[in-house]
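S.K.: The chain contents come next:
Number of protein chains: 2
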Amino acid sequence: MMKLLIVDDEPVILETVEAKMRKEGFTTFVADSAEEGMRLFRRIKPDLVILDIMLPQRSGFDFCRAIRKDSNTPIIFVSARADEADRVKGLELGADDYVVKPFNLGELAARVKAILRRSTGEPVREVIESGNLRVDPRSHEAWIDDRPLNLSPKEFALMYFLGRNVGQVFSRETLLDRVWGREAFISGRTVDVHMRWLRIRIEPDPTNPTRLLTIRGVGYKFTG
Amino acid sequence: MMKLLIVDDEPVILETVEAKMRKEGFTTFVADSAEEGMRLFRRIKPDLVILDIMLPQRSGFDFCRAIRKDSNTPIIFVSARADEADRVKGLELGADDYVVKPFNLGELAARVKAILRRSTGEPVREVIESGNLRVDPRSHEAWIDDRPLNLSPKEFALMYFLGRNVGQVFSRETLLDRVWGREAFISGRTVDVHMRWLRIRIEPDPTNPTRLLTIRGVGYKFTG
DNA sequence: GGGATTTTCCGAAAAATTGCCCAAGGAAGG
DNA sequence: CCTTCCTTGGGCAATTTTTCGGAAAATCCC
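Residue numbers (my numbering), protein chains in the order written: chain A, 498 to 721; chain B, 498 to 721.
Note that these hints are calculated values from the structure, not bench results. Hints may contain errors.
As the list claims (entries may be wrong) - Facing chain B, a subset of chain A residues (Cβ under 10 angstroms, in silico): (1) G603; (2) A611; (3) R614; (4) R635; (5) W677.
Just so it is clear, CB atoms sit at the ideal spot from N, CA and C, and this is done for glycine as well.
All chains should be built: construct the whole structure from the sequences, respecting the hints.
M.R.: Next up, the structure:
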């Protein structure tokens, strides 16, 4: 789970930003001063810092410099001033983005995600090959013997997941959790149905599966 | 010995870049304005120019144009904006590469070397050709079978980006991030609409796209 | 082996999501 | 001021996802 450190001396901003980021699924830590922020930073090692420039005593710029000394953690500056000089100074100190108050919370969240996406690098998206089956997440295509399967989004996600875990059995619950997502309130029957679609796609005889096997009482597994 | 001209109005950037390039064995000259840069350029005839787009008074674009009038000296643009439109504009003006702040000094040095190495060869500002489609960022024109498509700026930027990444799927989010730029905070719907314009331009039957495909639930991709 | 029980599979239809088209408002640039 | 281009939103259509009841299959227990 991604950890965010939010540093701002205005309680209202702190609260609203924290609430929003929580809702977006981040783990948040807050500080209302540079000192406290620095302490927290060292302790929790956040994945990204949202930092107000105007802090009492030490400014955000100082804070940024201090962080940059021994870390590449992405930093987003927040400022009440739309000053281009500040902006440049921030970027030059190694900030990754610069947002001017009053900002849109959705926008801020979008930028946080964009930067994390960039800095953590794209999630590993490599081609899966298993027997005569090939799955390419980059082009979002799948083939059997160069014959393109036309998978629906969910079918593709399921196939890709199974392809990355050949031979392993997964319960419906686990599949819902890992393919559908944690928040999915969906009956386990749904998994059955999708397995059926997938069998129709990749099994020569869907009635007698040879690769997408049912492990009765447990779940399903994909054997290469 | 290779001579580099660095033009930027931010003293700190000027210093850090200069220090790095010296360490890499280049002879450096710096200017903090377009005028000064132009003067130096004529006098020292550098082998490559590193140029900030945002300069006071005359913009880097103007500078670039002026240089290109009577020289092929490679130019690397540096900008705080990751806007694809800027990128296209830069390449079209004859820039050889385009680096977004905050940049990694090592990366910048690597690019400088790469460009100098092939300064006799072909530059980065490549013409894209894919099937019967051709996109030329320098003239800002695109054709299908020598029939000129009249692309709007955004259409062109989008087409150019997709053309450089044939076969890859991009989410609306990613497209907004990489084509519109990190300043952009706009709805994903906008991407749809531009895709439609583009389809009208490049697809024989825009209702049944064959090259600019929708990947439902994921995004879009351009297949050569 | 036979019957009961559990689990999975099938067919179809409802529900939800997503993308496309159309049109209008606004911004930018000449 | 006019034109072009960008952005947004509503309504509609198509696809996809999910649900459900009953049939089939596997397992268990005797």
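S.K.: Hint by hint, note whether the structure agrees.
M.R.: Hints and how they fare:
1. For the restraint placing G603 (chain A) at the interface with chain B, the shortest Cβ-Cβ distance is roughly 8 angstroms, inside the 10 angstroms limit, so the hint holds.
2. Taking 10 angstroms as the C-beta contact cut-off toward chain B, the hint placing A611 (chain A) at the interface holds, the least distance being around 5 angstroms.
3. With 10 angstroms as the threshold, the beta carbon of R614 (chain A) comes within range of chain B, its nearest partner Cβ sitting at about 8 angstroms, so the hint holds.
4. For R635 (chain A), the suggested interface contact is upheld, since its CB lies about 5 angstroms from the closest CB of chain B, less than 10 angstroms.
5. Evaluation of the W677 (chain A) hint against chain B yields a violated restraint, the C-beta minimum of about 13 angstroms exceeding 10 angstroms.
This entry does not satisfy hint 5, going by the numbered hints stated previously; all others are met.
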